[in-house]
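Peer 1: What follows is each chain in one-letter form.
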Amino acid sequence: MNSKASASASGAVTAHDYFLLEGTIDAHCDKLLKEIPSRVRHTQVYFDFSKAGRINSMGIALLLRCFKEIGSRAEIRLEGLSPMHNMLFKMTGVFLLAAPAQSPGREGGVR
Amino acid sequence: MLPMQTVAVLYLDEEDRKFWSPSLDRIPELFSITVAGCLSLALDRVRRLRGSLGLLVISARLYPGKYPELARLLRELAPGLELLLISSEDSSPALGQLFADDIRHLAIDSRQGVPSRGCLPAVVSLLIEQRHWEIGSCLKPGTTVYSFQLRSSEDKEPLIAALEAVLTGDGEEIALLREKGALLADELLENALYNAPRGSRGDRLFQKGERRDLLPRERIVFSFGFDGETLALKLTDNWGSLAPDSVLEYLARNQEEDSVADGDGGRGLFIIWRFLDQFHVEVLPGQQTAVGGHLQLSSRLDPEAPRGFHIAEYKKEMAA
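As you go down the protein sequences, you meet chains A and B in turn. If you're matching positions, the first sequence starts at 1 in our numbering and goes up one per residue. If you're matching positions, the second sequence starts at 1001 in our numbering and goes up one per residue.
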């Protein structure tokens, strides 16, 4: 996962955190997703799912827990969602905590 | 062989009857009752059929919306009678009411109709003949059904890969079916590996994510088949620990739009239900649970809409 600050689409610099999620998101991501809230420094957080694969119900539970913890102090935006992710997030209430980003996927993540 | 039993269908009106007749008229011993504004007369006709009635099919245009008391009245009239609710996609019933009335069988028709209605007679015959759901019932004759018996949790990913390998082809439709199939297999396998095994007090024996071997007498069988249009999946375990009442409760709870509980709460079963066109759960308490269903490559059901389900409890053993 990556964390970085980048320029917004309008050109104005907006500080935010950025996390790139890769691979299958399931029970094995427990530790990783628990750590994310403590790494958030800004009031805007982007989660990039363009490299994410299958997300099962345990993965959804972990994402919800993570987003709930971040949501009290930062706005969460989701990007790189596949049609499958969209369906899944809509039916499981993920979009009630985190909205899809309007802009296309950002580039230049720093590892 | 069971004696011939009557299937009665309760329609709201003539328009409702015409909508369903292309699929239901093929069912033998079918008795149509159109309420047409006079419920007491319709109930009287049901009363007269009681002796031979094996299944009562109710249109969702009648219940729960128009006559919310209907299920209760029918149960008073014919205790123990099996009720099947049929609904078009645009008038999907509220699950809370179905849960309260213990309606365990729902068939949903897509707006465009014909393809998904092909399985309605199969659902009716399943209920009237008190048969167990078979994976091949909605597949074309001759379709290969693959079955695998698990040895450990390490078998999960290879089995998902085997399923994906059967769903070959290019294009968005088949790619989406592959993704759905993989997720369904994941949820079914996780459910059998980690939710089904219970101790004597009902506590879970294994935690999700941990590597585990199957216990000496434990049996988990994963089956699937694809006939080029329909994908069918089934997972059977020999725990029989899933309570049918809990299934409907899980579906109803997770369907609430403001539900963002981060716990488990049956979300896996909810996801399975919502990605299938028809969802089947059959339980032989303490002995066997079978969970599965089918979905079509060109499913026209709205991904956000509720799906059909068949939740049954049996006394005799099911085939894996």
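To be clear, the hints were calculated from the coordinates, so they are not data collected in a lab. If you're wondering where the values come from, they're calculated on a predicted model, not measured in any experiment. Be aware that a few hints might be false.
Each computed DMTMM-like pair below joins lysine to aspartate or glutamate, with the alpha-carbon atoms no more than 25 Å apart [as the list claims (entries may be wrong)]:
id, chain 1, residue 1, chain 2, residue 2
1, A, K68, B, D1170
2, A, K51, B, E1089
3, A, K90, B, E1089
4, B, K1156, B, E1082
5, A, K31, B, E1089
6, A, K68, B, E1304
Beyond 10 Å from chain B on every Cβ pair, some chain A residues (computed) [said to hold, decoys possible]:
id, residue
7, D26
8, H28
9, D30
10, S38
11, S50
12, S57
13, A61
14, E75
Glycine residues also receive a C-beta, built at the ideal position from the N, C-alpha and C atoms.
Peer 1: When the structure is checked against the list of hints, which entries are broken? Sort them ascending.
Peer 2: Of the numbered hints given earlier, those the structure breaks are 1, 2, 4, 5, 7, 8, 9, 12 and 13, listed in rising order.
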